[in-house]
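Those protein sequences? They're chains A and B, same order as listed. The opening position of the first sequence corresponds to residue 1 in our numbering, with each subsequent residue numbered one higher. The opening position of the second sequence corresponds to residue 776 in our numbering, with each subsequent residue numbered one higher.
Please keep in mind that the hints were generated in silico from the structure rather than gathered at the bench. Treat the hints loosely; a few may be bogus.
[As the list claims (entries may be wrong)] Cross-link-like lysine-lysine pairs, in silico, DSS-like; alpha carbons within 25 Å at most:
id, chain 1, residue 1, chain 2, residue 2
1, B, K960, A, K185
2, A, K64, A, K207
3, A, K64, B, K846
4, A, K714, A, K746
5, B, K839, A, K350
6, A, K64, B, K1356
7, A, K735, A, K766
8, B, K839, A, K185
9, B, K1125, A, K350
10, B, K1149, B, K1080
11, A, K581, B, K846
12, A, K185, A, K207
13, A, K305, A, K746
14, A, K396, B, K1351
15, B, K1356, A, K396
16, A, K64, B, K960
[Unchecked claim] To spell it out: a stretch of chain B is covered by chain A in this simulated footprint if at least three of its residues, at any positions, have a beta carbon under 8 Å from a beta carbon of chain A; those stretches are:
id, segment
17, 873–880
18, 1163–1177
19, 1242–1255
20, 1331–1343
A quick note: this is a predicted structure, and the numbers were derived from the prediction, not measured. Beta carbons: idealized from backbone N, C-alpha and C, even for Gly.
Spelled out, the chains give:
Protein chains: 2
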Amino acid sequence: MKDRFKIDEWQIIEEGFDPTLNKFAESVFSLGNGRMGHRANFEETYSGNTLQGNYVAGVYYTDKTRVGWWKNGYPEYAAKVLNAANWIGIDIKIGAATLDLHYCKVTAFRRVLNMQEGYLERSFIAALKDGRQVSVNARRFYSIVDDVAGAIRYRITPLNFEDNLVITPFIDGDVSNQDANYGEKFWEEVSRESDNDRAFITLRTRKTNFEVCTGMQVNIVQPGEAGNTASRFIEKEKFIGRETTLWAKKGEEITIYKYGVNISSANTPKEELTAVAKASINKVAAKGFEQMLEEQARAWAQKWKESDIVIEGDVTAQQAIRFNIFQLYQTYTGEDPQLNIGPKGFTGEKYGGATHWDTEAYCVPFYLATASPKVTRNLLLYRYHQLGKAIENAAKLGFDNGAALFPMVTMNGEECHNEWEITFEEIHRNGAVAFAIYNYVRYTGDQDYLAAYGLEVLIGIARFWSQRVNWSEQRNQYVMLGVTGPNEYENNVNNNWYTNTLAVWCLEYTLETIGWLKQQRPEVYVALAEKLRFHEVPETTKWKHIVEQMYYPEEATLGVFLQQDGYMDKEQVLVKALPEKDRPLNQQWSWDRILRSCYIKQADVLQGIYLFEEKYAEDVIRRNFDFYEPRTVHESSLSPCIHAILAAKLGEEQRAYGFYLRTSRLDLDDYNNDTDDGLHITSMAGTWMSVVEGFGGMRVRNGDLHFTPFLPVKWESFSFNILFREAVLNIKTSKNGVVLSNRSDKEVCIHVYGNAYHLKAGSVQKVATDVSFAH
Amino acid sequence: MKDRFKIDEWQIIEEGFDPTLNKFAESVFSLGNGRMGHRANFEETYSGNTLQGNYVAGVYYTDKTRVGWWKNGYPEYAAKVLNAANWIGIDIKIGAATLDLHYCKVTAFRRVLNMQEGYLERSFIAALKDGRQVSVNARRFYSIVDDVAGAIRYRITPLNFEDNLVITPFIDGDVSNQDANYGEKFWEEVSRESDNDRAFITLRTRKTNFEVCTGMQVNIVQPGEAGNTASRFIEKEKFIGRETTLWAKKGEEITIYKYGVNISSANTPKEELTAVAKASINKVAAKGFEQMLEEQARAWAQKWKESDIVIEGDVTAQQAIRFNIFQLYQTYTGEDPQLNIGPKGFTGEKYGGATHWDTEAYCVPFYLATASPKVTRNLLLYRYHQLGKAIENAAKLGFDNGAALFPMVTMNGEECHNEWEITFEEIHRNGAVAFAIYNYVRYTGDQDYLAAYGLEVLIGIARFWSQRVNWSEQRNQYVMLGVTGPNEYENNVNNNWYTNTLAVWCLEYTLETIGWLKQQRPEVYVALAEKLRFHEVPETTKWKHIVEQMYYPEEATLGVFLQQDGYMDKEQVLVKALPEKDRPLNQQWSWDRILRSCYIKQADVLQGIYLFEEKYAEDVIRRNFDFYEPRTVHESSLSPCIHAILAAKLGEEQRAYGFYLRTSRLDLDDYNNDTDDGLHITSMAGTWMSVVEGFGGMRVRNGDLHFTPFLPVKWESFSFNILFREAVLNIKTSKNGVVLSNRSDKEVCIHVYGNAYHLKAGSVQKVATDVSFAH
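With the sequences and hints as input, model every part of the structure.
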């Protein structure tokens, strides 16, 4: 689906209405503000192909687990993202006919996602069957200033007739989930009220008992009229519409302003929901659409200042990278430690729960570098608050003594996935949680976090690993049996190199952190040990023994780490020899065939080398890269970025650029033919990593930033904004060299190609002229 | 649930009504005749705990596969056993009150399964809430003479009152399946008619369009009355009842005779169903209940003559082994090659499809030795007729050139299972199909079968194995990756010794059979090769290479075959060290914990040694037995019999007896606490194997029978009847020695403890006096 959208630096532009692509477009044009979001459904009725989606962050339903053959240890119930009340709806009747693009001839259709200012605009001319035509222009946004609110300005003009228009903005809570086991509905009405131009419906989720009050305020402006006439409310269960009938003249533009709020019991006491909704709607309606939009643009400008990447000489790439950054910030803003980053954000229901290891492995690097440390800290606290559930989860699988296994997929700390090979075995996710703590402390220097929260999580994780390995009498080493690595095209393997490596690193880092805390804050350590019933001698003795005696599979002849025991027994036919018709494997091959092939879904050994790059000599990295890359099919959107970063590290700039291209326009060009279901939000962070850690070569070492940039040949320049320890920096790489700008009032030391530069506050420094290029 | 039933040589006896155990008893007292069967539901209404089950062989529904996470290659639809019309129902009203044991005080309750004559009898006294009492005696059976029919004699006597009795025998087709995805019903009415004392309903299964006409004829006899008065039919959709109201006097016994037939479109053209049903019901009703029952007893006597095992000195064991044999013959009689042996027979819906590898691995040895060769031949033809589907199934998984993979579970040749680790990987089932051909030919000498059908199947299977292995460059050998062996407590392992061994044996046997056919019937071979597009040179060249170069995992230090690669990396803690609270593992442990443990669900390496015993020296067998037995938890009912046979072979008689005890009363004593769902029909054949191949040591070598019997210490004697190449034999082992009886008119050669005896027709010969005993 290449070239569906026009290329523009700051905008995604769709021209012409194609109903067969509507769900795809609904995903791409999704809006959100971290608290809530929705797919780009139409305001007016639409009977065609659509996936209705309105989402309120943190509100979920625990549905009965669907499974063919039950396995002991599966969760009975799994949380799923809920479609919430639709507040954007505006039903339009022209005389007796409903405006519905499914039954109209649509011309001049144009949809624009303005990423610079953060709004969606749609305009079209619709001709009814009887020839009557209207033109419509609708603009809407979710405010990132008033983050419980959204606003719509909907303009409609009769082009060739005059007649009654019946305009009914509404709230409809009678929605269903695409992902429901038996088509059942999940919301019940608690209360409903309306007055003048406002309406409020409070709905409660069945079983989980979340309550959300959705409110709207409506203002219809007709030129030359004193005010709206003939309005009435239409109410039924879970629904309120405010119907206004007015006489529309030919050529006269009627403007509907609709303000919406969602107030959730996740943040507001239930008894105050309606009151807060009223106050909130009053506040935004008083500001009015235009002022809200101005504030929105200013707030987005600030976000871009901290996180933008500018690419000169390649507008396609420029548009793509901004789309990725924009969608990430629409999904998660880091204000609330109850929230996390769903793989689909607010753009679809797929994958059920919100939180995967994607957050720690891909999103954390992005938010660390583009937002205040508080944002990542909240992501870490999310896991901290779920530690108790992670301990329960591990206990269910037979672990004890406070061992913690964080779930594969979760909304509230409970496991939401039920494939044994993933749920019980893809346990490297636990290591990702630990690594994110390390990564956060490395980037921010916030060691207080370690003392207050981090170590407690690390000890739970270390306890898990120490019980999950077992001693092999035959090898005289520890082994880890029955795991699934990041490469999910292998299941239930023994001694996955990545998992073994990560597990030992977790033990080492936990031991190191314990040592640090004992020395630096002995009283904190004593209190923690007591809280966790942590007995250093027997526990750390075993940990150290595991660190010393762990088995890592290797292929000595080739000099590479082996993905798992037995990998070399596979038929070693490279990806390039695969017929085109067999790709993607996951759609063409049966599962057993995939499993016994040598093909790798996503970086696995290479994911480990990426994480612990400094432990390995360049020739070791190169040998592993050269061995695994030709066997990797990259059928996970999380894969190419890791290969891009390693290729860049190895000086293979052209290949790095090739991997980057695979992810940057994944959704805009619908590469995987699944954007209908929603966007691949978390993999968008991987695209950012490809640019900043790949092309920019950014690393943090000993508390300093290091860069080794190169410039893709097609580009004139690229520059990115990052935040590092209170400094706002811009690193620009062009054919003329690398220019560092310190746009803050804090001095900072930056290393470029191994040379250190001390950047004074506000300074700009050209630090190199001999930039590498991709060849 | 030990001691629920009274011990008796020929009967299962339940005394006293325990509603909490009703589903358990419904399973145990199930009736069938190979064509149809039902659970021991009550004739009269019962509102308590019950699983209603009436089944017609070969009639199934293809339901949408239920799965949490779809895998490529899963079947979209899977056949399931269907609950069919209830024809046994007799509603009884005493005045205005329904006779329903759930609301009565029940005394003198007694239920008897008479295995010698093949009927079920139930008697009780029920007191209504108002104190009125009736005594009931109900006897019923499925005829094995008129195998479309069943008959009921239901006697009811008012004990302390006189009143109207309203008696309504009925057919109710408005039944549901326990195993339905959404509670939907699977039958639709085609037609319905009634006349005088007969009624017929024809129902069609949704989607699969099977039609079954169920008919009944009713005759109510009241002493001193000329005939029934005040009868009328009550009809509604899928239901006909024939209501008779009569005045019942105190102490006067009223007898209801009800005859039922099921005529299925699987055997009768749809347009003739009702006509055939009418003729059939007329025929049996004309015979009458008592004559039918006499014929039934005679027919069962003949079955027992061919298949009985007599144990003296242990009535508990005697009862158990007869229960096993009885249930096997109730389930499958071998008349129809469309039918097979479901794991639950006609006793429940569980496990969906009818056919598992249990048939070939466990039931074939039983039917070979206790029934005419035609019976096993029909089991083989069942697979032969499904060869096309097996080829399609393999093609779906990426195999080509006529490679065949028989399904894990099936009703019609299509796969009915959807766990990737089983469906796609438990492929040793293919070997069981091939071995059954070998076993049949070995036992019967029927080489014609090989030429006409067997080799075609063998070539499909050989083609599968030759594509399923791959060459390991590293080992310079063939390997087989990603399989699940008989021990399902391991999934997706590499080089399962059993599967590798069986695969190579299949190739060898196919090569040998090709050689034989080419030499003996060259024109048949040429025609077959053409039909199968079989090109001997490239195909058999590869097969021979695999035979020569296959890799088999072994543990050299211990001198044992290794269950699979990496098995020795597991923690080797033996079963005896497992805490009682952890058993059974499949109820106590999460799946990953089971998988990475060394515990074995059922014989795996030992299953292979059992099949190919003659290839291995006794010390090899002993080392493997001594290694694997202590690691085996026997959590499959198919496991202990294999261990029993090998223990017997190794002279460990007492252990062999111990394994036998684990299976023989599995259902009668509800060891696994799951008999509610139905009986473990196929594992009953394993019990038989324990006695005949274990205690009796029966083997076939070079066309002769061999025995090495020993006598369990608790027993006075045991003897079994078998059929071998037209001879009817009885082998009796007692403390006084072994006595062989040839009860046929055919001379036969039998080897006992290595000595050959030529038994003339009708002769009896004592052949040994120094019998081994279990110690």
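Can you confirm whether the C-alpha distance between K960 (chain B) and K185 (chain A) stays at or below 25 Å?
Given that 25 Å is the threshold and the Cα spacing comes to 23 Å, the pair holds.
With a cut-off of 25 Å on the C-alpha distance, tell me whether K305 (chain A) and K746 (chain A) pass.
holds (16 Å)
For the pair supplied as a hint, K1125 (chain B) and K350 (chain A), is the alpha-carbon distance within the 25 Å limit?
Not OK: K1125 (chain B) and K350 (chain A) at ~32 Å, beyond 25 Å, violated.
For K64 (chain A) and K1356 (chain B), compute the direct alpha-carbon distance and say whether it is at most 25 Å.
violated (28 Å)
Within the assertion that chain A covers the segment 873–880 of chain B, do at least three residues meet a Cβ-to-Cβ distance smaller than 8 Å?
Answer violated; 0 residues pass the 8 Å Cβ test.
Take a quick look at whether K714 (chain A) and K746 (chain A) sit within 25 Å of each other, Cα to Cα.
Outside the cut-off at roughly 34 Å; violated.
Please check whether the segment 1242–1255 of chain B has three or more residues whose CB lies within less than 8 Å of a CB on chain A.
Contact hint for the segment 1242–1255 of chain B vs chain A: holds, 7 residues under 8 Å.
Are the Cα atoms of K581 (chain A) and K846 (chain B) separated by 25 Å or less?
holds (19 Å)
Mind checking the alpha carbons of K1149 (chain B) and K1080 (chain B) for me, to see if they're no more than 25 Å apart?
At roughly 18 Å apart (the allowed maximum being 25 Å), K1080 (chain B) and K1149 (chain B) satisfy the hint.
Restraint check for K185 (chain A) with K207 (chain A), where alpha carbons must lie at most 25 Å apart:
holds (12 Å)
Decide if the proposed pair is consistent with the structure: K64 (chain A) and K960 (chain B), CA atoms, cutoff 25 Å inclusive.
holds (22 Å)
In terms of beta carbon proximity below 8 Å, does the segment 1163–1177 of chain B have 3 or more residues touching chain A?
holds (count 3)
In terms of the numbered hints stated before, the structure departs from hints 4, 6, 9 and 17, listed from lowest to highest.
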